[in-house]
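*Asks:* Using the hints, position chain B against chain A.
Protein chains in written order, with this note's numbering: chain A, 1 to 226; chain B, 1 to 226.
For the record, the hints were derived by calculation from the structure and aren't laboratory data.
Note that CB positions come from ideal geometry on N, CA and C, so glycine has one too.
Any given hint could turn out to be false.
[Stated by the list, open to error] According to the in silico footprint, chain A covers these stretches of chain B (three or more CB under 8 Å from chain A):
(1) 9–18
(2) 27–39
(3) 63–76
(4) 154–167
[Stated by the list, open to error] Here are some chain A residues the structure puts well away from chain B; computed CB gaps all over 10 Å:
(5) Ile-110
(6) Ile-122
(7) Gln-207
So the chains spell out like this:
Number of protein chains: 2
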Amino acid sequence: MRVDVLRNVFARNEAAAAENRRLLDQRRIVCINLLGGAGSGKTTLLEAVMPRLRGHMRVAVLEGDLATTRDADRIAALDVPVVQLLTDGGCHLNATLVQHGLARLPLDEIDLVVIENVGNPICPANFDLGEHARIAVLSVAEGSDKPSKYPLLFKEARLVVITKCDLLAMTDFDLDQAMRDIRRINPDALVIPTDARGGRGIEDVAQWLRSRCRVGADVECLNVMG
Amino acid sequence: MRVDVLRNVFARNEAAAAENRRLLDQRRIVCINLLGGAGSGKTTLLEAVMPRLRGHMRVAVLEGDLATTRDADRIAALDVPVVQLLTDGGCHLNATLVQHGLARLPLDEIDLVVIENVGNPICPANFDLGEHARIAVLSVAEGSDKPSKYPLLFKEARLVVITKCDLLAMTDFDLDQAMRDIRRINPDALVIPTDARGGRGIEDVAQWLRSRCRVGADVECLNVMG
Chain A
1 MRVDVLRNVF
11 ARNEAAAAEN
21 RRLLDQRRIV
31 CINLLGGAGS
41 GKTTLLEAVM
51 PRLRGHMRVA
61 VLEGDLATTR
71 DADRIAALDV
81 PVVQLLTDGG
91 CHLNATLVQH
101 GLARLPLDEI
111 DLVVIENVGN
121 PICPANFDLG
131 EHARIAVLSV
141 AEGSDKPSKY
151 PLLFKEARLV
161 VITKCDLLAM
171 TDFDLDQAMR
181 DIRRINPDAL
191 VIPTDARGGR
201 GIEDVAQWLR
211 SRCRVGADVE
221 CLNVMG
Chain B
1 MRVDVLRNVF
11 ARNEAAAAEN
21 RRLLDQRRIV
31 CINLLGGAGS
41 GKTTLLEAVM
51 PRLRGHMRVA
61 VLEGDLATTR
71 DADRIAALDV
81 PVVQLLTDGG
91 CHLNATLVQH
101 GLARLPLDEI
111 DLVVIENVGN
121 PICPANFDLG
131 EHARIAVLSV
141 AEGSDKPSKY
151 PLLFKEARLV
161 VITKCDLLAM
171 TDFDLDQAMR
181 DIRRINPDAL
191 VIPTDARGGR
201 GIEDVAQWLR
211 SRCRVGADVE
221 CLNVMG
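Okay, chain A solo, but in the shape it has when bound (with noise of 0.2 Å):
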């Protein structure tokens, strides 16, 4: 009973993401699903990002949360079109959420759509939003155990981001541990230390942004994601 509910959550689910990228396909926008656990630096990432990607790209950003719209507080303050989506305490984004999100958004305006998932490393994983592909961020400071004991946030991540790299001489964080670790669960995965403050890895992240989506005369946007 409670396994055929659970099933039906998850197909109505699919069905949303499903749309999602096919409306996402016909205007031409990438979609990048954006997770981590509370903290792990999802938001900071992206205010050192957005700016590198003023001029290659037009961005919004889908800003989930369960309670507040300080996150989304913090983009609208980079001029980035942003929409806040509340879970009233629920521990991840779904596809139906992200679809009214998206409809709020100037999709013929937008190239790259970015979804900053619900501060959590295990519950969003479970739910396909409709993204072309998923970075997932863990912090130095969460502890270099987290690939192992979380293993589906970093199955299913095309990049992982390493952040707070100025904080590794003062933690147990073991970065070569860490990297076999994410190897091992996902050989494919780029792996990307970073450090906001110092700016360490930041164009990378940006570089690989700019990459997923070629902007020119004609707008070619790279749906699969290499």
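*Replies:* The following block gives chain B in isolation, referenced to the frame of chain A:
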């Protein structure tokens, strides 16, 4: 339909939680539910505090995780009875899983059971496990906006432990703001800033736990947590 099923899930959990609490009360065992995000420092806090409880009370740990036994291994190394509760990818512990864990502990030889919940600041806060009190853990590296973003975690806690205070100077964490936000959400919570590496606050946490449970000729546990 879906709401009814969720209601059933919660009702079943509440029944199991009530049974757990009854069993613990009969055995005069105090039970603490330790909650916090992934990498907030829950296991490290236990590693620091456990040696300070020795000789005062007999402690056991139920260790919640998705997939690995890493944290249980760390607790077992302290020579503390520990049972691993694996959620198989599930994002929170439920009272039935705790019931199975309690059945595997030598309850006659235990004064305090600490349940370390799955690393997730959201879902675990919705599930009563039969505990007598909750401790919420927040690391400085997670950011001082987290009490406002995850209010339920803090609202239900008797004690809030702020961890990794050795990183205060390296981060934007505003300790005063975090304390104010926690007090606004939960005026009755005690807040203890800690640093497991330098030792700050660890004795205060140990003292708080020791005061939950007075062990003497006639063991008397203060199940009404003050």
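*Asks:* Of the numbered hints stated earlier in the document, which are not met by this structure?
*Replies:* When the structure is compared with the hints, numbers 1 and 6 turn out to be violated.
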